[in-house]
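Numbering-wise (numbering that gives the first Met the number 0), the sequence shown opens with residue 0 and increments by one.
Watch out, some of these pointers could steer you wrong.
No more than 25 Å apart at the CA atoms, straight line, and that leaves these computed lysine to any residue pairs for SDA-like [unchecked claim]:
no.: 1; residue 1: Lys-2; residue 2: Gly-65
no.: 2; residue 1: Lys-124; residue 2: Pro-42
no.: 3; residue 1: Lys-124; residue 2: Gly-181
no.: 4; residue 1: Lys-2; residue 2: Val-241
no.: 5; residue 1: Lys-124; residue 2: Cys-43
no.: 6; residue 1: Lys-124; residue 2: Cys-242
no.: 7; residue 1: Lys-124; residue 2: Arg-32
no.: 8; residue 1: Lys-124; residue 2: Phe-233
no.: 9; residue 1: Lys-2; residue 2: Ser-44
no.: 10; residue 1: Lys-2; residue 2: Pro-201
no.: 11; residue 1: Lys-124; residue 2: Pro-236
no.: 12; residue 1: Lys-124; residue 2: Ala-6
no.: 13; residue 1: Lys-124; residue 2: Gly-65
no.: 14; residue 1: Lys-2; residue 2: Val-179
no.: 15; residue 1: Lys-124; residue 2: Tyr-184
no.: 16; residue 1: Lys-124; residue 2: Asp-211
No lab work stands behind these hints: they were computed from the structure.
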Amino acid sequence: MIKQHLARIGIQLRIEFIALSEINFLAELIAFRDFDLEILEFPCSTLENPFNPVFFSENGSLNLAGYHTSMDWDENLGEGRNEWYIQTGLEMTPNDSQERIDLCWEWQHYMMDDILPILPLFTQKDNHSTFEFLLFNMREVRPVIGSRSPAPGFTWISIGLLVRKAISYAINREEIRRVVLGDEYEIIHHPTNPVLDEWLNPNSIRYCYNLDFARKLMTLGSPGIDFGGNGEPFEYPEWEEVCPSQPTTISVVGFDLIATLSVLTLLPISFHVYNKQRKKSSSLRN
């Protein structure tokens with residue numbers, strides 16, 4: 000289904016099936032990293048720190064997205080801004096102070112808008128036992144997803160970030176939820192444990208399904224793709240202008256999704272898939 004969604008914005012997925020074993024999976028995930036996109040699911044119990052340094056810090060043991068401080072280096076801070084938010088949040092006391100919560104809210108919006116290492120996907124509606132997200136491989140070796148070159152006409156946004164945003168707006172999470180998962184799952188929008196209610200910024204950027212805007216971003220950021228309007232004046236809107244206040248409901252039937260680990264390559268990007276039957280209880284998936 001994600002393949003269909005991304006095809007609408009000019010991303011053609013070349014799917015390769017690799018024999019799935021724990022060794023192969025972990026080797027590809029942690030050592031080789033020959034992928035652009037993957038879907039992961041972790042128990043929420045492993046995400047106790049609202050700043051999630053294991054996933055989003057440069058030296059995090061599971062920095063699978065490949066964040067590096069060179070992506071957002073701030074001369075005044077003397078380090079990457081994302082790293083500064085995380086390290087400052089880890090050092091602040093007391094742990095439940097309003098000041099620390101406010102910093103976490105600010106960090107969530109910043110990281111999801113200016114870095115975008117993941118697209119949060121789903122959690123169980125009743126018990127929130129797992130946290131599922133789409134991970135972007137932002138390393139510079141990935142020619143499109145990880146490109147640090149400025150997007151044409153912009154000085155503040157890279158081609159890689161523009162394409163990551165386009166993908167996030169092109170994926171119809173509500174369709175996937177209704178067709179594949181059912182009503183026991185709900186969409187999540189924050190890069191942290193969904194049970195940490197007071198830590199979830201209610202005004203943080205969200206990536207709704209907006210195909211027209213996704214196509215516009217691909218036209219701006221991807222040579223060879225033009226959905227019309229290329230060269231016209233464009234002022235990047237606030238996210239609230241892109242996403243309606245009320246989610247769009249849909250009625251869909253059919254389909255099944257059994258992909259487990261997805262790796263994408265756009266245009267000249269490849270999309271590898273580790274394929275196994277979906278298991279809701281698995282701790283690492285797609």
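List, from low to high, the hint numbers that the structure doesn't satisfy. 7, 8, 9, 10, 11, 12, 13, 16
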